[in-house]
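Protein chains: 4
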Amino acid sequence: MSIRVGVIGKSGKISKEVKKKAYQVGKEIALKKGILLSGGRDGVMEAVSKGAKEHGGFTVGIMPGLTQEDANDYLDLALTTGLGFDIRSNVLIRSSDVVIMINGGNGTFNEVSSAYLLSKPVIVFEGTGGWADKIKDITQEGKYLDKRKNIELKYEDSAIEVVNLAFKCAPKKSNKFDQGKVI
Amino acid sequence: MSIRVGVIGKSGKISKEVKKKAYQVGKEIALKKGILLSGGRDGVMEAVSKGAKEHGGFTVGIMPGLTQEDANDYLDLALTTGLGFDIRSNVLIRSSDVVIMINGGNGTFNEVSSAYLLSKPVIVFEGTGGWADKIKDITQEGKYLDKRKNIELKYEDSAIEVVNLAFKCAPKKSNKFDQGKVI
Amino acid sequence: MSIRVGVIGKSGKISKEVKKKAYQVGKEIALKKGILLSGGRDGVMEAVSKGAKEHGGFTVGIMPGLTQEDANDYLDLALTTGLGFDIRSNVLIRSSDVVIMINGGNGTFNEVSSAYLLSKPVIVFEGTGGWADKIKDITQEGKYLDKRKNIELKYEDSAIEVVNLAFKCAPKKSNKFDQGKVI
Amino acid sequence: MSIRVGVIGKSGKISKEVKKKAYQVGKEIALKKGILLSGGRDGVMEAVSKGAKEHGGFTVGIMPGLTQEDANDYLDLALTTGLGFDIRSNVLIRSSDVVIMINGGNGTFNEVSSAYLLSKPVIVFEGTGGWADKIKDITQEGKYLDKRKNIELKYEDSAIEVVNLAFKCAPKKSNKFDQGKVI
Numbered sequence: 000m001s002i003r004v005g006v007i008g009k010s011g012k013i014s015k016e017v018k019k020k021a022y023q024v025g026k027e028i029a030l031k032k033g034i035l036l037s038g039g040r041d042g043v044m045e046a047v048s049k050g051a052k053e054h055g056g057f058t059v060g061i062m063p064g065l066t067q068e069d070a071n072d073y074l075d076l077a078l079t080t081g082l083g084f085d086i087r088s089n090v091l092i093r094s095s096d097v098v099i100m101i102n103g104g105n106g107t108f109n110e111v112s113s114a115y116l117l118s119k120p121v122i123v124f125e126g127t128g129g130w131a132d133k134i135k136d137i138t139q140e141g142k143y144l145d146k147r148k149n150i151e152l153k154y155e156d157s158a159i160e161v162v163n164l165a166f167k168c169a170p171k172k173s174n175k176f177d178q179g180k181v182i
Numbered sequence: 000m001s002i003r004v005g006v007i008g009k010s011g012k013i014s015k016e017v018k019k020k021a022y023q024v025g026k027e028i029a030l031k032k033g034i035l036l037s038g039g040r041d042g043v044m045e046a047v048s049k050g051a052k053e054h055g056g057f058t059v060g061i062m063p064g065l066t067q068e069d070a071n072d073y074l075d076l077a078l079t080t081g082l083g084f085d086i087r088s089n090v091l092i093r094s095s096d097v098v099i100m101i102n103g104g105n106g107t108f109n110e111v112s113s114a115y116l117l118s119k120p121v122i123v124f125e126g127t128g129g130w131a132d133k134i135k136d137i138t139q140e141g142k143y144l145d146k147r148k149n150i151e152l153k154y155e156d157s158a159i160e161v162v163n164l165a166f167k168c169a170p171k172k173s174n175k176f177d178q179g180k181v182i
Numbered sequence: 000m001s002i003r004v005g006v007i008g009k010s011g012k013i014s015k016e017v018k019k020k021a022y023q024v025g026k027e028i029a030l031k032k033g034i035l036l037s038g039g040r041d042g043v044m045e046a047v048s049k050g051a052k053e054h055g056g057f058t059v060g061i062m063p064g065l066t067q068e069d070a071n072d073y074l075d076l077a078l079t080t081g082l083g084f085d086i087r088s089n090v091l092i093r094s095s096d097v098v099i100m101i102n103g104g105n106g107t108f109n110e111v112s113s114a115y116l117l118s119k120p121v122i123v124f125e126g127t128g129g130w131a132d133k134i135k136d137i138t139q140e141g142k143y144l145d146k147r148k149n150i151e152l153k154y155e156d157s158a159i160e161v162v163n164l165a166f167k168c169a170p171k172k173s174n175k176f177d178q179g180k181v182i
Numbered sequence: 000m001s002i003r004v005g006v007i008g009k010s011g012k013i014s015k016e017v018k019k020k021a022y023q024v025g026k027e028i029a030l031k032k033g034i035l036l037s038g039g040r041d042g043v044m045e046a047v048s049k050g051a052k053e054h055g056g057f058t059v060g061i062m063p064g065l066t067q068e069d070a071n072d073y074l075d076l077a078l079t080t081g082l083g084f085d086i087r088s089n090v091l092i093r094s095s096d097v098v099i100m101i102n103g104g105n106g107t108f109n110e111v112s113s114a115y116l117l118s119k120p121v122i123v124f125e126g127t128g129g130w131a132d133k134i135k136d137i138t139q140e141g142k143y144l145d146k147r148k149n150i151e152l153k154y155e156d157s158a159i160e161v162v163n164l165a166f167k168c169a170p171k172k173s174n175k176f177d178q179g180k181v182i
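These protein sequences, in sequence, are chains A, B, C and D.
In this text, residue positions in the first sequence follow numbering that gives the first Met the number 0: the first is 0, and each later residue adds one.
In this text, residue positions in the second sequence follow numbering that gives the first Met the number 0: the first is 0, and each later residue adds one.
In this text, residue positions in the third sequence follow numbering that gives the first Met the number 0: the first is 0, and each later residue adds one.
In this text, residue positions in the fourth sequence follow numbering that gives the first Met the number 0: the first is 0, and each later residue adds one.
The hints are simulated quantities; they were obtained by calculation from the structure and are not laboratory data.
Check the hints yourself; a few may be wrong.
[Claimed, not checked] Cut-off 25 Å, straight-line C-alpha distance, at most; resulting in silico cross-link-like pairs (PhoX-like, lysine-lysine):
{"id": "1", "chain 1": "B", "residue 1": "K133", "chain 2": "C", "residue 2": "K135"}
{"id": "2", "chain 1": "B", "residue 1": "K135", "chain 2": "C", "residue 2": "K142"}
{"id": "3", "chain 1": "A", "residue 1": "K146", "chain 2": "D", "residue 2": "K18"}
{"id": "4", "chain 1": "A", "residue 1": "K52", "chain 2": "A", "residue 2": "K15"}
{"id": "5", "chain 1": "A", "residue 1": "K142", "chain 2": "A", "residue 2": "K171"}
{"id": "6", "chain 1": "D", "residue 1": "K133", "chain 2": "C", "residue 2": "K52"}
{"id": "7", "chain 1": "A", "residue 1": "K153", "chain 2": "A", "residue 2": "K171"}
{"id": "8", "chain 1": "C", "residue 1": "K133", "chain 2": "C", "residue 2": "K171"}
{"id": "9", "chain 1": "D", "residue 1": "K146", "chain 2": "D", "residue 2": "K133"}
{"id": "10", "chain 1": "C", "residue 1": "K52", "chain 2": "D", "residue 2": "K18"}
{"id": "11", "chain 1": "A", "residue 1": "K31", "chain 2": "B", "residue 2": "K32"}
{"id": "12", "chain 1": "C", "residue 1": "K12", "chain 2": "C", "residue 2": "K32"}
{"id": "13", "chain 1": "D", "residue 1": "K142", "chain 2": "A", "residue 2": "K12"}
{"id": "14", "chain 1": "A", "residue 1": "K133", "chain 2": "D", "residue 2": "K133"}
{"id": "15", "chain 1": "C", "residue 1": "K148", "chain 2": "B", "residue 2": "K12"}
{"id": "16", "chain 1": "A", "residue 1": "K52", "chain 2": "B", "residue 2": "K32"}
{"id": "17", "chain 1": "C", "residue 1": "K52", "chain 2": "B", "residue 2": "K135"}
{"id": "18", "chain 1": "C", "residue 1": "K171", "chain 2": "B", "residue 2": "K146"}
{"id": "19", "chain 1": "C", "residue 1": "K12", "chain 2": "C", "residue 2": "K133"}
[Said to hold, decoys possible] To give a feel for the contact side, a few chain D residues facing chain B, derived at Cβ under 8 Å:
{"id": "20", "residue": "G81"}
{"id": "21", "residue": "L82"}
{"id": "22", "residue": "G83"}
[To be verified] Beta-carbon label-pair distances, calculated as ranges:
{"id": "23", "chain 1": "A", "residue 1": "K146", "chain 2": "B", "residue 2": "E151", "range": "50 to 60 Å"}
{"id": "24", "chain 1": "D", "residue 1": "K142", "chain 2": "A", "residue 2": "E151", "range": "27 to 37 Å"}
{"id": "25", "chain 1": "B", "residue 1": "E68", "chain 2": "C", "residue 2": "D156", "range": "42 to 52 Å"}
{"id": "26", "chain 1": "B", "residue 1": "D136", "chain 2": "C", "residue 2": "K12", "range": "19 to 29 Å"}
{"id": "27", "chain 1": "B", "residue 1": "M0", "chain 2": "A", "residue 2": "K167", "range": "45 to 55 Å"}
{"id": "28", "chain 1": "A", "residue 1": "H54", "chain 2": "B", "residue 2": "G55", "range": "49 to 59 Å"}
{"id": "29", "chain 1": "C", "residue 1": "E140", "chain 2": "B", "residue 2": "E160", "range": "32 to 42 Å"}
{"id": "30", "chain 1": "D", "residue 1": "K142", "chain 2": "C", "residue 2": "K19", "range": "46 to 56 Å"}
{"id": "31", "chain 1": "C", "residue 1": "G126", "chain 2": "B", "residue 2": "K133", "range": "50 to 60 Å"}
{"id": "32", "chain 1": "D", "residue 1": "Q139", "chain 2": "B", "residue 2": "K153", "range": "48 to 58 Å"}
{"id": "33", "chain 1": "D", "residue 1": "D136", "chain 2": "B", "residue 2": "G55", "range": "45 to 55 Å"}
{"id": "34", "chain 1": "C", "residue 1": "D156", "chain 2": "B", "residue 2": "S157", "range": "38 to 48 Å"}
{"id": "35", "chain 1": "A", "residue 1": "E160", "chain 2": "B", "residue 2": "K133", "range": "24 to 34 Å"}
Note that CB positions come from ideal geometry on N, CA and C, so glycine has one too.
Working from the sequences, and respecting the hints, build out all of it.
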């Protein structure tokens, strides 16, 4: 099975530069034969899906609602969970082998924090603004979200390096490995 | 976006004949460019995924646990929801445009019943045993699960006809349509 | 901790007789110091909550939406899960030590089927119509929903006997017992 | 219906001082006839439940697992959601009229962030350590978690004032009001 890469980031309006960087992340994921998971909506989610889709990747959106009305145009599959914004984000994180953070407001920060709880590797795309550029300041030793040191946050500042590192950090045995226990 | 076909049916040991029928359903879904959604485990789920996968289809498993340890070998993507058997089934139904029932015990019956609650079209593959061959007896007028008449259950007895009918019943505007309100 | 009794049954309009029987079930649960869990809406859910509330019981509704707008007037606590009708029902069943079925359409049948999957004891209040009076016909040996024989459905035809049996069937060590594994 | 007060804070070992403060918060909630919702486990959750329970309050735990094995001894009702730590926290927040934060690591921060997403009022108990004492530093204007300014975080440094403010901030029409839309 392919590596499942969850990409999280700001919805709504984003700058041209962030859009371009997100697009490149999608492209690199596709070129490496990863499957892209995102929240399936606009902003970073749309740009990254477009980049993946236009380079032969498979793109999945984990939607908050029961309908596809807020799905962007670059999804191969929209899972219409009906679980709401917050809980669908948890399903997205749970289903990812590795998580990439691009820009982001409080919703994105929430997702990083959930990834940390589940000990999922997180790569922060530095230089994309929002929480992606502030999160290091609130960590312990530049990388831990609390004393438990579940995982180290990692940082890169180009799309290629972000995606390379993501694939390196994803658990090797993508198929049948144990990701630890939540419940 | 492709039609999302949810296939539900018995886990665990199934007869050669049921396995073959499930395999053919998977094959037909793939040939029609549908995306196959299932519970991702063994039994009917494995056979249908194998049939789709070996004919170029894309196969998704909505898993009960947080790991892929019970995923069958024919999935392109396993969503490790960690929601448990019962709730992951609801996410599967919510994310399907149309549902196909093959054989099945109480768990499968539960999924049909959930599909009915959400007004999702259901095609029953007759002649596959289990609840697929008993469900008509408990319906009203051979097709409704209660007085509300949310949807008509439909029945076919060959893989090709089951899948043809499924694609005919799936809502036309697969992308942005409204599937009604659950919440 | 008190015994947690989940009561499931038809929403919407119900007959005077069913209303009275549901009310009596609520009353008996309260007199026995059980906590009443229900879907928190109208119909059977309202009648049973009223019976419990007017006899000093504590009544909880596991609501489908994020608001309390469809909560009946006899709840001490409405949990506004926002998970939708189908998934909130699973949370209700998961949180109950024992389940009582009164009347019911497809939604209620779905809940019994979920209870069976989780091996929760179910008491059917016979003579209340709907699925409560039809379910025996579709069981194996009058009590099992499929071959796995997870639990036996039990039947009584008066409110007192239904609730007595429910308390007898609830796992003894209500606090720290293991209810088996779903995930 | 009573005001539903969600209290969030560190699990596991906590200092005597934090334990005392959490206990007092529980006591004040009980004296004001609020219903206490928490994650139902040890640490802050246990101390606050003990305080409420010993002063006549009703205490509810929204548990991560399907069993009550990790429930503390001061719960009137444990809802065994089986949804896992992260998603059960969302159900807790969704079901609260107002949220009180005491101490806390990354899990608690995650819950505050979820509360903010849902526009639930949050009162931070200052002087209890952990994220409760650091969160102000990362807000905008001392109170917003991002530009959307969904809600203002509020701060108090004694149990009585924290609870008084919580009751003041809880939406007036606790029963049938609209808490906005998540899905």
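Against the structure, the hints:
A C-alpha spacing of about 14 Å is found between B/K133 and C/K135, which places the hinted pair at or below 25 Å, so the restraint holds. Note on B/K135 and C/K142: the hinted pairing holds, with a Cα-Cα distance of about 20 Å set against a maximum of 25 Å. For the hint linking A/K146 to D/K18, the alpha-carbon distance of about 19 Å falls within 25 Å, and the restraint holds. With a C-alpha separation of about 19 Å, the suggested pair A/K52 and A/K15 falls inside the 25 Å cut-off, and the hint holds.
As the CA atoms of A/K142 and A/K171 are separated by approximately 22 Å, the hinted pair is consistent with the 25 Å bound. For the proposed pair D/K133 and C/K52, the alpha carbon gap of about 43 Å is over 25 Å, so the pair is violated. Of the pairs offered as hints, the one joining A/K153 and A/K171 holds, with about 18 Å between alpha carbons and a cut-off of 25 Å not exceeded. Note on C/K133 and C/K171: the hinted pairing is violated, with a Cα-Cα distance of about 30 Å set against a maximum of 25 Å.
Note on D/K146 and D/K133: the hinted pairing holds, with a Cα-Cα distance of about 19 Å set against a maximum of 25 Å. Restraint check for C/K52 and D/K18: the C-alpha separation of about 34 Å exceeds 25 Å, so the hint is violated. Between A/K31 and B/K32, the direct Cα distance comes to roughly 24 Å. Compliance with the 25 Å bound is thereby established for this hinted pair. With a C-alpha separation of about 28 Å, the suggested pairing of C/K12 with C/K32 is violated against the 25 Å cut-off.
Proposed proximity of D/K142 and A/K12 is supported: the alpha carbons are some 23 Å apart, at most 25 Å. Between the alpha carbons of A/K133 and D/K133 the distance comes to roughly 15 Å, so the proposed pair stays at or under 25 Å and holds. Between C/K148 and B/K12, the direct Cα distance comes to roughly 17 Å. Compliance with the 25 Å bound is thereby established for this hinted pair. Pair hint A/K52 plus B/K32 holds up; C-alpha atoms about 17 Å apart against a cutoff of 25 Å.
For the hint linking C/K52 to B/K135, the alpha-carbon distance of about 41 Å lies beyond 25 Å, and the restraint is violated. A C-alpha spacing of about 39 Å is found between C/K171 and B/K146, which places the hinted pair above 25 Å, so the restraint is violated. About 19 Å separates the Cα atoms of C/K12 and C/K133, which keeps this hinted pair within 25 Å; it holds. Residue-level restraint check for D/G81 holds (minimum Cβ-Cβ distance to chain B is 5 Å; threshold 8 Å).
With a cut of 8 Å, the hint placing D/L82 at the interface with chain B holds, because the nearest CB-to-CB distance is about 7 Å. For the restraint placing D/G83 at the interface with chain B, the shortest Cβ-Cβ distance is roughly 5 Å, inside the 8 Å limit, so the hint holds. Distance hint for A/K146 and B/E151: a CB-CB separation of about 58 Å, consistent with the stated range 50 to 60 Å. Checked against the hint of 27 to 37 Å, the pair D/K142 and A/E151 passes, with Cβ atoms roughly 30 Å apart.
Taking the beta carbon of each, B/E68 and C/D156 are about 46 Å apart, inside 42 to 52 Å as hinted. With their beta carbons about 27 Å apart, B/D136 and C/K12 fall inside the hinted range of 19 to 29 Å. Distance hint for B/M0 and A/K167: a CB-CB separation of about 32 Å, inconsistent with the stated range 45 to 55 Å. Distance hint check for A/H54 and B/G55: the Cβ-Cβ separation is about 20 Å, which falls outside the suggested range of 49 to 59 Å.
Checked against the given bound of 32 to 42 Å, the beta carbons of C/E140 and B/E160, roughly 35 Å apart, stay inside it. Checking the proposed 46 to 56 Å range against D/K142 and C/K19 shows it holds: the Cβ atoms sit about 53 Å from each other. Taken as a hint, the range 50 to 60 Å is violated for the pair C/G126 and B/K133, whose Cβ atoms sit roughly 25 Å apart. Between D/Q139 and B/K153, the C-beta spacing of about 55 Å keeps the proposed range 48 to 58 Å intact.
For the hinted restraint 45 to 55 Å between D/D136 and B/G55, the CB-CB distance of approximately 54 Å keeps it satisfied. A hinted range of 38 to 48 Å holds for the C-beta pair C/D156 and B/S157, which are about 45 Å apart. Checked against the given bound of 24 to 34 Å, the beta carbons of A/E160 and B/K133, roughly 58 Å apart, lie outside it.
Hint check: violations occur at hints 6, 8, 10, 12, 17, 18, 27, 28, 31, 35; the rest are consistent with the structure.
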